[in-house]
Amino acid sequence: MSLGDELRYLRAFHGGGNLGEIEEEIGIEPGTLRYIEQRYRRMGEDDDVLAKIAAYYGVSLERLQYHRERYRKALSAFLHNSVESKRIATFDLRTGETLTGRVRWWDLGAFGLEPKDGGPLTVVQRHAVLDWPMADEGDEEDAQSDRE
Amino acid sequence: MPQDLQTLRKQKRMSINQLASRSGISIAKLIQYEKGAEEIPPADLGRLAKALYVDEWDINPRSTPPRAPTPREEQTAKPARSPRPEKKPKEKPKKPRPQSPPARDTQIAHMLTIAARFGINRAALEAEIGKPLDQLTQKEARHWNGHFMRRAAEEKPPRAIDRKRAYLPEGVDGFELAYLQEQQKGDVLLQFTLFDGQRFEGQVVGFSPYQITIREPGGDEITLNKLAIAYYRRAGGQT
Chain P
1 MSLGDELRYL RAFHGGGNLG EIEEEIGIEP GTLRYIEQRY RRMGEDDDVL
51 AKIAAYYGVS LERLQYHRER YRKALSAFLH NSVESKRIAT FDLRTGETLT
101 GRVRWWDLGA FGLEPKDGGP LTVVQRHAVL DWPMADEGDE EDAQSDRE
Chain X
1 MPQDLQTLRK QKRMSINQLA SRSGISIAKL IQYEKGAEEI PPADLGRLAK
51 ALYVDEWDIN PRSTPPRAPT PREEQTAKPA RSPRPEKKPK EKPKKPRPQS
101 PPARDTQIAH MLTIAARFGI NRAALEAEIG KPLDQLTQKE ARHWNGHFMR
151 RAAEEKPPRA IDRKRAYLPE GVDGFELAYL QEQQKGDVLL QFTLFDGQRF
201 EGQVVGFSPY QITIREPGGD EITLNKLAIA YYRRAGGQT
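Residue numbers (the working numbering), protein chains in the order written: chain P, 1 to 148; chain X, 1 to 239.
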């Protein structure tokens, strides 16, 4: 989950306040939060700003830094590679579940995952993905045999 | 083939109010477009296509005006009148038909946009039409726009769903849209899992980029906010 999605999630859990008001309360430049929430590239480089945001939402700075590394474009790149390579991919979801399978398609808001166990195609919302660990060697062999 | 705006709206079971709020175009304007009283400019065409989940070329830029009643219908609709005494028809001098005004900039811009889809530039377009674009009348521009729209519909190039997707940016939501349309059409029972672990089952009744409305097996309709959804799939393990 990207930093932007995480901040949207935290804001929703804090009553979904107005971004401008929150920025004023935190004491950061107007537009900073909106910018982080909406952008697809890596955002939130300034740790001091991030620390203020973390304090406002009552979470650790490390938590926000964790999400900063998982920006939306990084997930896009991973999904694109997964489709191209037909490699088995694993996704840790915010629900605590882990889904494993082959990514059949991806777009702006979601991706279609064909589960490894043969269940129905699962449409996963991108904002629900917490992390996407890299596939292991065995999965690569699976993909190779599929391609052959 | 492009269809009239009203036909498309009714197909999507959308009221004119809903279309206005989704597209950001006023109701009065939409009525004009639907009646065919005004041609839909390219900018509005794009907004309407997005709101209706169709391609721009699926919408006829100028809707067919409502059909005039046939003489027979007129006869049944109007109360019988006593025949008027016949008047000697006055011989009026025939007025020359007014010439169509010059094509609007928006018509030309629209034509260039569509032509660009076929790799036709302005010079090639003018050669095909047989005259410079700035000398076209509104009527001619309408004719050529219709021609290119029909051609676009026939030769629809593979877009979004078929193309090899660019790495970035993520610009479309066509795949999820196609999936949902297919499930809605097939009355498929889907199971939705929310962030908090709650699960809902139902058939898709309608959806937008932000919400999905489902009808539960008991008949109740419920609208799920997409932000709250983690994933969904066919219920009961159907593939």
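Do not rely on the hints blindly, as some may be mistaken.
DSS-like, lysine-lysine: derived pairs with alpha carbons at most 25 Å apart [to be verified]:
{"no.": "1", "chain 1": "X", "residue 1": "K226", "chain 2": "P", "residue 2": "K73"}
{"no.": "2", "chain 1": "X", "residue 1": "K10", "chain 2": "X", "residue 2": "K139"}
{"no.": "3", "chain 1": "P", "residue 1": "K73", "chain 2": "X", "residue 2": "K50"}
{"no.": "4", "chain 1": "X", "residue 1": "K29", "chain 2": "X", "residue 2": "K50"}
{"no.": "5", "chain 1": "P", "residue 1": "K86", "chain 2": "P", "residue 2": "K73"}
{"no.": "6", "chain 1": "P", "residue 1": "K86", "chain 2": "P", "residue 2": "K52"}
Since the hints were made in silico from the structure, they are not lab data.
Comparing the hints with the structure gives:
no.	hint	result
1	K226(X) - K73(P)	20 Å, holds
2	K10(X) - K139(X)	28 Å, violated
3	K73(P) - K50(X)	24 Å, holds
4	K29(X) - K50(X)	17 Å, holds
5	K86(P) - K73(P)	19 Å, holds
6	K86(P) - K52(P)	41 Å, violated
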